[in-house]
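K.L.:
Protein sequences appear in the order of chains A and B.
Each residue of the first sequence is one higher than the one before, counting from 3 in our numbering.
Each residue of the second sequence is one higher than the one before, counting from 32 in our numbering.
Don't read these hints as lab results, they were simulated from the structure.
A few of these clues could be false.
Claimed, not checked - Per the computed footprint, the stretches of chain B lying under chain A, defined by three or more beta-carbons under 8 Å from a beta-carbon of chain A, are: (1) 224-238; (2) 269-277.
Said to hold, decoys possible - Residues from chain A that keep clear of chain B, each with C-beta distances beyond 10 Å, as calculated: (3) G27; (4) R56; (5) S67; (6) P96; (7) G111; (8) I113; (9) R141.
What the hints assert, rightly or not - Some chain A residues judged to face chain B by a derived CB distance under 7 Å, without partners named: (10) G76; (11) V84; (12) V85; (13) V100; (14) F102; (15) D106.
Since we're looking at a predicted model, the values are computed, not measured.
Where a beta carbon is used, it is the ideal one built from N, C-alpha and C, also for glycine.
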Amino acid sequence: MNLTHARVWRGTMPVQYLYTAGVAGERFFQTLRRRGVLAVTRCAECQVTYLPPRLYCERCFADLSQAWAEVAPGGRVHTYTVVCEDQDGHPLDPPQVVAFVRIDGTDGGLIGRLLRVRLQDVRVEMPVDAVLAPPRRRRGRMDDIVGFAPRRALPRRRTP
Amino acid sequence: MSDRVAVVGAGEVPLRPLSPRQSYREMGFEAATRAYDDAGVTHQDIDSFVSVCEDFHEGTSITDEYTPDQLGAVLRPVHTVAGDGLQGVAAAVMLIRTGIADLVAVEAHCKTSNILAHEQVLTMALDPSYERLPGITPHFVAGMEMRRYLHETGAPEDAVAMVVVKNRRHALSNPVAAYGEVLSPDDVLASAAVCAPLREREISPPADGAVVLVLASEEAARRTPKPVWIRGVGWASDSPWLAARSWGQASYASLATQMAYQMAGIAKPDQEIRFAEVDDTYAYKELQHLEAAQLIPRADAARIVLEGGTRRGGRLPVNSSGGSLGMGYCFDATALYRTAAAVRQIRGEAGRAQVERAATTGTQRGLNQIEDCEL
Ligand SMILES: [Zn+2]
């Protein structure tokens with residue numbers, strides 16, 4: 003449709019926000035930034051480990067503010083997709099592989115890009131480890147995790 | 032007092048990809064006029080009004096203030112549901128069963144063509160701390176869900192394509208559908224990958240429209256010409272956290288349908304339900320939802336769809352309206368369009384879209400906040 007011939011007005015909704023990470027989110031992101039591991043909460047009653055961490059159990063409604071633990075940032079590709087479009091519907095070149103990674107030792111997981119892998123080699127249930135930004139460049143945000151890479155492809159060194 | 036509730040009027044504006052002439056409020060007026068006429072009532076007879084809308088879809092804030100006049104509801108009891116149209120139906124059922132109202136109008140509309148990039152709205156629906164990935168289409172969530180569903184069930188991508196072929200073809204017989212078309216499975220499989228395995232033609236295209244239903248108590252329904260009784264309603268919302276949901280199964284739809292079946296006294300849905308309208312915002316969701324609703328055994332939906340069992344003439348006609356893939360995706364109005372289509376089926380007024388023996392039906396809907404309704 004040629005919008006110049008229709009009785010329409012163009013407009014935007016110019017609203018700006020602050021998003022509060024919250025008590026649980028603050029601990030998660032600061033732990034990630036400082037030590038490169040993932041802070042999680044555990045409900046002993048339900049035997050559920052929350053990642054992203056929450057201050058409450060969504061099943062039994064228990065307070066989990068004293069039920070913290072830490073896990074290494076590795077797991078398995080629970081599912082993935084090959085993203086071929088950007089946010090405006092334009093082609094992404096090259097396409098990006100985005101996965102939901104079920105993190106070991108948790109019942110949750112994180113969404114991130116798959117790195118250092120050929121498209122045809124990606125598999126559901128493939129083990130992966132997080133690729134973290136160098137400690138000095140981390141800002142306490144999700145992009146401190148640059149992505150996830152197949153476990154065998156990582157150089158043999160301990161996560162800092 | 033009777034507990035029974037009926038849909039006594041349905042009115043809709045035909046769904047179209049563009050509607051440059053009318054504002055959404057004028058479309059709502061047209062739908063309301065048709066619905067009240069269909070029920071043989073006037074706006075003054077309606078005791079309470081429910082409008083289903085969300086700010087970002089309208090381009091205004093505090094949208095609930097924009098809903099009364101086109102329904103004839105100024106200075107009358109109105110409330111707004113920022114959810115799915117079926118939650119509006121459930122609210123109307125509760126208003127009637129609690130004795131607050133005898134006649135309730137439920138309205139939803141969708142001026143999708145006014146949103147220049149709906150993907151921007153979808154992106155903002157994701158959790159800002161953990162789930163928003165910059166620079167990629169928000170359909171990535173559906174792409175991941177589809178992959179896991181296919182992985183767990185072994186369903187071939189051909190079956191997903193067949194859902195598109197079937198629904199687009201069904202839409203040719205529905206005068207209010209926007210996207211009727213004869214396609215082959217290869218046409219669908221050849222369409223561009225958006226978030227592989229999800230393809231462009233497997234995503235329902237947006238459409239503009241408005242729809243109003245009139246619901247009535249048994250006493251009020253007896254005075255109307257064509258009541259269709261609601262035997263059960265159910266709704267359930269999954270965890271808002273993507274990390275806490277099942278990626279392969281539609282757990283919310285299982286719970287919602289169980290609630291509706293229990294209320295309706297339906298013990299064997301696969302034998303008692305004669306046709307179904309289920310959510311197909313993305314084509315794979317139809318397969319997932321049929322299994323969740325126990326209309327087809329788990330991991331069997333693909334086979335039955337490929338065999339033609341869900342076509343209009345099949346054993347279980349599914350989305351004979353054309354579904355969202357064939358009618359057009361119309362935000363929170365989707366479920367009300369489908370409910371209106373089910374009402375016409377049960378009345379025997381569906382014309383070329385009519386299925387045989389349409390006595391008991393389910394209409395069900397799911398995306399991120401999920402509920403279900405059983406008529
Ligand atoms: Zn618990």
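K.L.:
Does each hint fit the structure? Answer for all of them.
P.N.:
Quick rundown of the hints versus the structure:
no., hint, verdict
1, 224-238, "holds (count 6)"
2, 269-277, "holds (count 5)"
3, G27, "5 Å, violated"
4, R56, "8 Å, violated"
5, S67, "18 Å, holds"
6, P96, "12 Å, holds"
7, G111, "5 Å, violated"
8, I113, "6 Å, violated"
9, R141, "13 Å, holds"
10, G76, "15 Å, violated"
11, V84, "4 Å, holds"
12, V85, "5 Å, holds"
13, V100, "5 Å, holds"
14, F102, "6 Å, holds"
15, D106, "14 Å, violated"
Comparing the model with each earlier hint shows violations of hints 3, 4, 7, 8, 10, 15; every other hint is respected.
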